[in-house]
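> This is what each chain is made of:
4 protein chains.
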Amino acid sequence: MKPIRLGMVGGGSGAFIGAIHRIAARMDGHFQLVAGALSSDPTRAQASADELGLRSYSDFNDMAQAEAAREDGIQAVSIVTPNHMHAAPAVAFLRAGIHVICDKPLAATPEQAAQIAGAAAESRARFFLTHNYSALPMVREARALVAEGALGDIRLVQAEYLQGWLSDDAQSKQADWRTDPARAGAGALGDIGTHAWQLAGFVTGMTPSHVSADLSSMVPGRPIDDDARVALRYPSGTKGGLWASQVAVGQENGLSLRVFGTKAALEWRLDTSERLVFTPKDGPAQIMTRAQDRSGSFRTPPGHPEGYLEGFANLYSDVAAIIRGDDSNADRVPGLADGLSGMAFIAAAKQSSDRDGAWVEVMA
Amino acid sequence: MKPIRLGMVGGGSGAFIGAIHRIAARMDGHFQLVAGALSSDPTRAQASADELGLRSYSDFNDMAQAEAAREDGIQAVSIVTPNHMHAAPAVAFLRAGIHVICDKPLAATPEQAAQIAGAAAESRARFFLTHNYSALPMVREARALVAEGALGDIRLVQAEYLQGWLSDDAQSKQADWRTDPARAGAGALGDIGTHAWQLAGFVTGMTPSHVSADLSSMVPGRPIDDDARVALRYPSGTKGGLWASQVAVGQENGLSLRVFGTKAALEWRLDTSERLVFTPKDGPAQIMTRAQDRSGSFRTPPGHPEGYLEGFANLYSDVAAIIRGDDSNADRVPGLADGLSGMAFIAAAKQSSDRDGAWVEVMA
Amino acid sequence: MKPIRLGMVGGGSGAFIGAIHRIAARMDGHFQLVAGALSSDPTRAQASADELGLRSYSDFNDMAQAEAAREDGIQAVSIVTPNHMHAAPAVAFLRAGIHVICDKPLAATPEQAAQIAGAAAESRARFFLTHNYSALPMVREARALVAEGALGDIRLVQAEYLQGWLSDDAQSKQADWRTDPARAGAGALGDIGTHAWQLAGFVTGMTPSHVSADLSSMVPGRPIDDDARVALRYPSGTKGGLWASQVAVGQENGLSLRVFGTKAALEWRLDTSERLVFTPKDGPAQIMTRAQDRSGSFRTPPGHPEGYLEGFANLYSDVAAIIRGDDSNADRVPGLADGLSGMAFIAAAKQSSDRDGAWVEVMA
Amino acid sequence: MKPIRLGMVGGGSGAFIGAIHRIAARMDGHFQLVAGALSSDPTRAQASADELGLRSYSDFNDMAQAEAAREDGIQAVSIVTPNHMHAAPAVAFLRAGIHVICDKPLAATPEQAAQIAGAAAESRARFFLTHNYSALPMVREARALVAEGALGDIRLVQAEYLQGWLSDDAQSKQADWRTDPARAGAGALGDIGTHAWQLAGFVTGMTPSHVSADLSSMVPGRPIDDDARVALRYPSGTKGGLWASQVAVGQENGLSLRVFGTKAALEWRLDTSERLVFTPKDGPAQIMTRAQDRSGSFRTPPGHPEGYLEGFANLYSDVAAIIRGDDSNADRVPGLADGLSGMAFIAAAKQSSDRDGAWVEVMA
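Protein chains in written order, with UniProt numbering: chain A, 1 to 364; chain B, 1 to 364; chain C, 1 to 364; chain D, 1 to 364.
These aren't lab readings, by the way, just hints derived from the structure by calculation.
Incorrect hints may appear among the rest.
For chains that are exact copies, the list does not tell them apart, and a pair is met inside one copy or across any two.
[Stated by the list, open to error] Only pairs whose alpha carbons sit at most 27 angstroms apart, straight line, appear in this in silico DSS-like list of lysine-lysine:
#: 1; residue 1: Lys263; residue 2: Lys281
#: 2; residue 1: Lys281; residue 2: Lys173
#: 3; residue 1: Lys350; residue 2: Lys2
#: 4; residue 1: Lys350; residue 2: Lys173
#: 5; residue 1: Lys2; residue 2: Lys281
#: 6; residue 1: Lys263; residue 2: Lys2
#: 7; residue 1: Lys173; residue 2: Lys263
Here chain A stands alone, though its shape is the one from the complex (with noise of 0.2 angstroms):
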């Protein structure tokens, strides 16, 4: 099978999350970068497009056009910009007819957002969302737990996704979007609150009717939410909990969830990605690895650690397998409306906490 012809937007020198996706998308062959307008500033773009060997556009749109236009052109393009630069690329390569893998979230505002889902609308092209962590074999095993009923009916829900990072009031090129109101859209809420989010939803199924924040700026003089804490109501009568906060000095990446059923629990934690704890209401806890995994998603037998890089990779693969026509797995790759989701759970958290915590349903 030929590789797919893959393009990518930002992830110019020195940007984290466009080598990551690069990575990814080599990592089990489905894909063959070629072409990209890696940053807005023309030569930097030239330099970084050299130096992969790609064909370099100085502007989004001419790429998507030029890209359409020609026979061994992209077939699917890799957004991976600051948030409020996800819309108008996402909008473009959606109508030259490219698929299009878009970093998380979805964009820095609700009106961005809704271009997308325009777009989508009307286009034959598919949409993606890298929540990356939802593509962890163990959280894809989690989810098939709870689908087939092993907690049976699900009581509690609490994701936590801890960060230390941003205790200070340190300046880098990471730190800095991350902090602006107008690029980023929301803080802590949106950049990591939303794979709390996604991750609750994709394992549970279920998703919370209302919420109740509270938002922080801990550092003094910070624009934006860094510390948010929301309570969650599902319409099933399920209680939750969602943390999110990039003040919590010492945790390097703490993503977690718990869910407690009727009739057993699940924990999963990412600093043990590999592992998955079942606890059934009348016995030990079982400590659940690959080898009781049903999805597939890895590259090694159980015990030899993978984690990060191939849970992009297991995304990267199953879009390769849906851009080439296989849907079979479509259901499990996050997409636009998740990232629709996303942006309902900021815009109801941002209102709540506005209005000192009132109960605000959940707009998706």
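Since the structure of chain A is already known, use the hints to place chains B, C and D on it.
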């Protein structure tokens, strides 16, 4: 040094916490149990007392008067009855000039709490409340670290107490009164939530000024809360969360505390009670053990596991020292103020939950 | 039921293991300590006895005779002296018809061990050896799992007991006699190696027939072993290893056991003493807790940490039952056979190490 | 920088380690796979090569000559055949001046190893051995800590590699040649024991001079060792142990290393591969992560789990640098000396086991 003569109210055969108090009282040899009103059922009271070789009373008021009149009467009494039966004996013994060691929470209602407070104010006898978890060595070390500024300014506090044993409508003596509003006053909130509240306050030295709560009765037909999610706000701007649940399937006794400051973080969990994880902002996490403890609250070298009973025994030993006139460690022994604070927490959380999560001031 | 009258030899002020035995004896209320020969120094013996309110003896032979003659004399005695002082008092009390509870290892020399064995054979009194770790609930459950065949045929056994406290030539009362060949008999091998040996035997129900050992004195000038590596061969073809070290820097009290069979494996570690990891060949690891224990060897519900002192107390409670005529649990209480097995292990390991690791038969 | 042109011998469809090498080679973009002799079966070789888009050869000798003659011929070759088929292709490519990246162990027999050594000595091409675990960041950091003296003098070394997958006489392509003495040379000892041996040597910088071994075939009828217990003695007086087993039921891939020095200890386990526990003699254990790593051997920030594939990719990236002329990290890349050391270990362990555990010198 001669053992302190101790009495007990409650704790007849089949009782749980009474047996715990008796082991704790004799572990370090500071107390000798000599008298008791072990049950409201006179026959059972006598039988239980006979088994333990105690002077038996069928009424705690008689006991308070008789013991106060004897030359060799009890010097202290342990009250280990259900919550609604704390106040009457506590008042009786305080009035008789006999020190009171009372199980938590302070009482089932604010009125009962006020009665104890009134009696304590007029008595020369002391009042102690057995929040045993805060007497464990690594918790005491955690408190010392916060007090000396090792964490910097505290930004985030998260306390959890998760159990699964009431996830069904099972019947047992222990479950029975704990799910009866008249006898317990509050459910998860009172039985375990007050432990988490006291633990967070003990370690951080701070008390939230406002709470926003969502109380649930997850088991159909249960007339009392079995899950309590409470958001916390401190006068300093610190934010926090407290989650107490008795329907968290698979959780045996999951008490934990996490505190994040500007300079460091700490995490303690009851299921690894002899480890304290201290993570400075710019260095590896440190797994502190009793080798680092400075409270001396143990009997064996590090690596020889101690736990629950020893925590109770630490309290009894501290109480013995106070009764014998040594107040040097009195500040680490929970007492009336802790009890009243717990009652204020329960009241505020209930009020907030009734008002759909509105922020309510904690009137301690 | 009236407490059993208990005496003690050794355990004067400043002693470690004597205080442990006293707490264990009183924890469950089955014993009352009434007499002692607490020190070979008469003044110190008297002072220590006064502090504890005991009848004091300056000589254990006098004590054995006097107590045997009294109507209210002791029924059992705890021997908590250094290894070389076990045999003489054990023989004296056994001859006087008083039950003996002796700390491990059995003795400092094979000759002393034989004296105890001889006296025990001629006495109607019982002899118990406090291998306390095998009295912890999850260890007892491990043994039950092996006994019922849950592991299939056992192939591999690995026992470790690692400490770091003797990594220097530090001076202390505890270190002093333990590194003196005349008083200790053996170093790491005897002090902790015999614990690991007994633990492995207790759980697996099997004893190695041959050992190959490499004993070292890692601290320059130390006249006794402080590190012992022993390979084990069982009659069944099972292979094993035992590693005991007192120079494993950073290890507080690292006792552990791993057993691999044809059908399942189990792992137990003292630092997580209330968990037993059971891994069937074709399924996830199960984290067993006291909720799965079938020995009933505890005082609190699962999740309320118990440990070292409670293990000792389990032994004292079992011993009390035996003294009172109930032998139903006698097979789980270590006694003379365990002591002689430990002595045979020491002798065989020393001989093997002297012969550069030649395989030596264990002559139990 | 243009990718290095890479060939492969072995690794046809269905192979395990060949696919791993391919992912590792492309992960960081330093290699492009262009040619292969993927199977000894010509039809299968061609089919596998077609699938990967490679120039296909049915014979590795032809391949070596043809590629050496091409202007655009391969610059390096990966050898991923069973052990007994390492030497012949390695010699062929070394003679052709093509760099060799060979899977471990070096060979099935000492004679084969000597052939490789001879060819390497006469070739200008380099020889690399993929002991991938020593390329993980925390292992490299462990080595740096030892090298800078953070542990003081090393006293004790314990390496383990435990797997359970061969606990039955199950048939599979992977199991087949690994349990055939002719193709594997050694069983657990060679397949995983050499990994543990290299890991211990890499981290400590020391090699044992003598071993005493006990090799077993636990599965009835198996003609090769599946459990190897080896005691180690170092010239410095350091003692150690190495345990490799393929019948340790429930163990997926349990590689671990513990090192105890006079000043500190360290512990690393593959199942928590991104943590290194460093315990100074007088302080709490420190949980080091990539935040403390100084090797830079990773692609993502701390907290984003990397693992097995990335370890392989670290080696491929280091090899790429060396091929391109940068030897600054050559000392951390395993090569011929490691391979010969592993062979000497196997030979000495077999000889010792045949002589009932006699201490045998390791003739490296």
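> Look at each hint and say if it fits the structure.
A quick look at each hint next to the structure:
Proximity of Lys263 to Lys281 under the C-alpha cut-off of 27 angstroms is found in both arrangements, the shortest distances being 5 angstroms within a copy and 25 angstroms between copies. In this homomeric assembly, Lys281 and Lys173 come within 27 angstroms of each other (Cα to Cα) only across copies, at 21 angstroms, whereas the closest approach inside a single copy is 47 angstroms. In this homomeric assembly, Lys350 and Lys2 never come within 27 angstroms of each other (Cα to Cα): the closest approach is 46 angstroms inside a single copy and 49 angstroms across copies. Taking the shortest alpha-carbon separations for Lys350 and Lys173, only the intra-copy value of 25 angstroms comes in at or below 27 angstroms, while the best inter-copy value is 46 angstroms.
Taking CA atoms no more than 27 angstroms apart as the test, Lys2 paired with Lys281 passes in neither setting, with 49 angstroms inside one copy and 41 angstroms between copies. Proximity of Lys263 to Lys2 under the C-alpha cut-off of 27 angstroms is found in neither arrangement, the shortest distances being 47 angstroms within a copy and 46 angstroms between copies. Taking identical chains as interchangeable, the C-alpha atoms of Lys173 and Lys263 lie at most 27 angstroms apart only when they sit on different chains, with a minimum of 23 angstroms there against 47 angstroms within one chain.
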